[in-house]
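So the sequence shown is residues 1 to 337, counted in UniProt numbering.
I should point out that these hints are in silico values taken from the structure, not numbers from a laboratory.
Treat the hints with caution; some may be incorrect.
Unchecked claim - Straight-line C-alpha distance at most 30 angstroms; calculated BS3-like pairs for lysine-lysine: (1) Lys333 <-> Lys306; (2) Lys214 <-> Lys236; (3) Lys284 <-> Lys236; (4) Lys293 <-> Lys236; (5) Lys284 <-> Lys324; (6) Lys284 <-> Lys214; (7) Lys20 <-> Lys214; (8) Lys306 <-> Lys293; (9) Lys293 <-> Lys326; (10) Lys236 <-> Lys211; (11) Lys211 <-> Lys235.
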Amino acid sequence: MKNRYSRQTMFSGIGRDGQKLLLDKHVLIVGAGALGSAAAETLARAGVGRITIIDRDYVEYSNLNRQQLYTENDAALPMPKARAAKERLEAVNSEITIEAVVGEADPAFLENLGTVDVIIDALDNFDTRMLLNDFSQKHGIPWIYGACVGSYGLTYTILPGESACLHCLMEDIPLDGETCDTVGIIAPAVQMVSSHQTTEAMKLLTEQPEKSRKTLLSFDLWSNETSEVQVETLKKAECPSCGEHAHHPFLQYENRAKSEVLCGRDAVQVRPGSRQYISLPDLKNRYENQVQKENPYLLVLQLEDKRFVIFEDGRTIIHGENDKAKARTLYQKYIGG
């Protein structure tokens, strides 16, 4: 191991045997923003053998205060976060495999991943979180929920078949509220949540699930408050995601919103009506005089008074619009689908 992991193997909780287990494991990180980039760097430096990162967004200057993998050059291009993360992490640790996917964690993508040992939630939208929850329950894959906003953070380790799932908690615990785009965020809150998430991941990856935390942990760094909630009794036998007759409703593509307002960004993301891939070069030729920026992963167009950021999977972020119906009309007019 060339002494790369010597300080980690000296730690009795991991040791040489644990390090070998880490090198043989696969972690899926869904989201490559603040939490995702922090988790990816920690686990890459720790020597997790295969890390898959999926993210739908691109780097912006407003990300740089807390999304530690990215640079001003990434924001200027702009680079998709998953690709920028892959480039940085491969420079950090060339001995492991980093896979980057520019897109969304839809059921088709998740089902084709092969064996995944742990999933890290680093998302900024509840729609995809619920999909992730159903996928993990269907396949029995542990996943680690995390969220942060302002100076507040929240994390919870979900072990399918044992702990209450995210769907179970929805009625009793407010999990979806303010976002960093509306009330801001400080980097230490991100780092604290990510530290808990990656520690829990390392326990599971070294095959020590008995060490995992059973409570839902929350904290506010600015007001010096910490609390833990016992949630075992919230597991519901009738839960459609993890109950006795689970049918995993969030894995159905038609149940996903086809458009969503991106809070605080004066923008709407529009998904195509069905899965499709579009030719960015063809779009560039069609709107040659409206091209603002381009790279192999996305195309930026100025159409009317709106900025369209278009990805190969057909997803489009329309800046300057916050009405979902109007955004979809614009999408159909210029992109189609």
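Hint check results:
no.: 1; hint: Lys333 <-> Lys306; verdict: 13 angstroms, holds
no.: 2; hint: Lys214 <-> Lys236; verdict: 16 angstroms, holds
no.: 3; hint: Lys284 <-> Lys236; verdict: 51 angstroms, violated
no.: 4; hint: Lys293 <-> Lys236; verdict: 49 angstroms, violated
no.: 5; hint: Lys284 <-> Lys324; verdict: 25 angstroms, holds
no.: 6; hint: Lys284 <-> Lys214; verdict: 51 angstroms, violated
no.: 7; hint: Lys20 <-> Lys214; verdict: 26 angstroms, holds
no.: 8; hint: Lys306 <-> Lys293; verdict: 14 angstroms, holds
no.: 9; hint: Lys293 <-> Lys326; verdict: 24 angstroms, holds
no.: 10; hint: Lys236 <-> Lys211; verdict: 24 angstroms, holds
no.: 11; hint: Lys211 <-> Lys235; verdict: 20 angstroms, holds
Violation of the numbered hints given earlier is confined to hints 3, 4 and 6; the remaining hints are satisfied by the structure.
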